[in-house]
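Undergrad: Sequence:
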Amino acid sequence: MPAARPRLLYVTDLAYPARGRRYGDEDVFLSSRLRADFDLALCHPLDATALMHSFDAVVVRNSGPVLGYPAQYQAFREHALHDGVRVYNPLTGRADMAGKQYLLELSAEGFPVIPTVDRAEDLHRLPEAERYVVKPRLGADSLGLRIVAPDAVPALADGSLLLQPCVDFVHEVSFYYVDHDFQYALYAPRPDRRWELEPYRPTVRDLEFAHRFVDWNGLAHGIQRVDACRTPDGELLLVELEDLNPYLSLDALDEDARDAFVAATTRSLHHFLAA
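Per this note's numbering, residue 2 is the first one in the sequence shown, and the count goes up by one each step.
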C-alpha cells in the first residue's frame with residue numbers, strides 16, 4: 002500500500018540539450034510543486050531501473066529521447082512490467098511510447114493524420130507532392146528526418162521507414178491533456194519557429210479533433226500532447242501523439258494556467274496511485 006505521503010521517483014534528464022526548450026527549468030518547477038503532496042526524488046533515466054523499487058510510482062517526465070539508450074530503456078520497461086512497478090505515464094501507450102507505427106495505423110484507419118505509408122505497395126495512398134518526408138520508425142526531435150524528391154521515394158519504401166507528403170501548413174498547434182481532460186492549447190504562429198509558442202483558444206471542433214486521439218490511445222491516467230498542423234483550408238492533421246515524455250511548455254502559460262495544470266496532475270497522480 003502507498004505510504005501516507007506517496008513516494009515518487011521523478012525521471013528527468015535536467016541537462017538534456019533540447020532545441021528551443023529548457024527541460025531542466027520545467028522539471029525543477031513541476032517537481033517543486035508536486036512536493037506539496039508527495040515525497041519526491043529526481044533521477045536520471047539511466048538510474049531509474051536501479052532505484053524504482055524504493056518508490057510507490059515512477060513519473061517519467063523530460064527524460065529526453067530514449068534513442069540514446071535503447072537497451073537501458075527496454076530493460077526499464079521489462080523490469081517495471083514484470084515487477085508491477087507503477088509507471089506514469091503507464092507503459093501501455095499506443096503512440097510515441099511504442100514508436101511511430103501508430104501513424105501507419107491511424108492513416109490506414111482514416112483518422113485525420115498526415116498520410117503515412119512504409120511499403121511500395123501502399124505508395125498510391127500518398128497524395129502527389131513536390132517533396133516528401135522520410136522519418137525513422139523510432140525517432141524524436143526530428144532525428145533522422147529527411148526531405149526527399151518524389152523520384153527518391155520508391156527506393157525508400159522498404160518497410161523500414163515512414164513516408165509522408167511534405168504538407169504546407171499555416172501553423173502548428175498542440176493540445177495538452179491530463180488523463181482524458183483537456184488542460185490548455187498552445188500554437189506556433191510562425192511555422193519556422195516551432196517552439197516559440199503562444200496561448201491558443203481552441204474551437205469545439207479543434208477539441209473534438211484532439212480528443213479522438215486521446216480516446217484512441219486509451220490511457221486512463223497520464224499526460225499527453227496532441228500535435229497538429231493547420232492546413233491552408235483550415236483543417237487539422239495529426240503530426241504526433243506524444244505519450245511518453247511530452248514537453249509541456251509551462252513557461253508559455255500564465256500563473257493561473259500553470260496552477261491549474263499542477264492541480265490536475267496532482268489529482269491524476271493520486272487517482273493513479275489509488276487505482
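Fair warning: there could be bad hints in the mix.
As the list claims (entries may be wrong) - Cβ pair distances, simulated, as ranges:
# : residue 1 : residue 2 : range
1 : ARG6      : LEU68     : 30 to 38 Å
2 : ARG138    : ARG195    : 16 to 24 Å
3 : ARG195    : HIS271    : 18 to 26 Å
4 : LEU157    : HIS83     : 31 to 39 Å
Stated by the list, open to error - When the alpha-carbon atoms are kept at most 20 Å apart in a straight line, the in silico EDC-like pairs for lysine to aspartate or glutamate are as follows:
#  : residue 1 : residue 2
5  : LYS101    : ASP216
6  : LYS136    : ASP159
7  : LYS136    : GLU106
8  : LYS101    : ASP159
9  : LYS136    : ASP119
10 : LYS136    : ASP152
11 : LYS101    : ASP84
12 : LYS136    : ASP169
13 : LYS136    : ASP228
14 : LYS101    : ASP228
15 : LYS136    : ASP123
16 : LYS136    : ASP216
17 : LYS101    : ASP119
18 : LYS136    : GLU122
Because the hints were derived from the structure by calculation, they are not lab data. Note that CB positions come from ideal geometry on N, CA and C, so glycine has one too.
Undergrad: So, for every hint listed, does it hold in this structure?
TA: Hints, one by one, checked against the model:
no., hint, verdict
1, ARG6 to LEU68: 30 to 38 Å, "35 Å, holds"
2, ARG138 to ARG195: 16 to 24 Å, "22 Å, holds"
3, ARG195 to HIS271: 18 to 26 Å, "33 Å, violated"
4, LEU157 to HIS83: 31 to 39 Å, "37 Å, holds"
5, LYS101 to ASP216, "18 Å, holds"
6, LYS136 to ASP159, "13 Å, holds"
7, LYS136 to GLU106, "16 Å, holds"
8, LYS101 to ASP159, "16 Å, holds"
9, LYS136 to ASP119, "10 Å, holds"
10, LYS136 to ASP152, "17 Å, holds"
11, LYS101 to ASP84, "27 Å, violated"
12, LYS136 to ASP169, "17 Å, holds"
13, LYS136 to ASP228, "16 Å, holds"
14, LYS101 to ASP228, "14 Å, holds"
15, LYS136 to ASP123, "16 Å, holds"
16, LYS136 to ASP216, "25 Å, violated"
17, LYS101 to ASP119, "11 Å, holds"
18, LYS136 to GLU122, "18 Å, holds"
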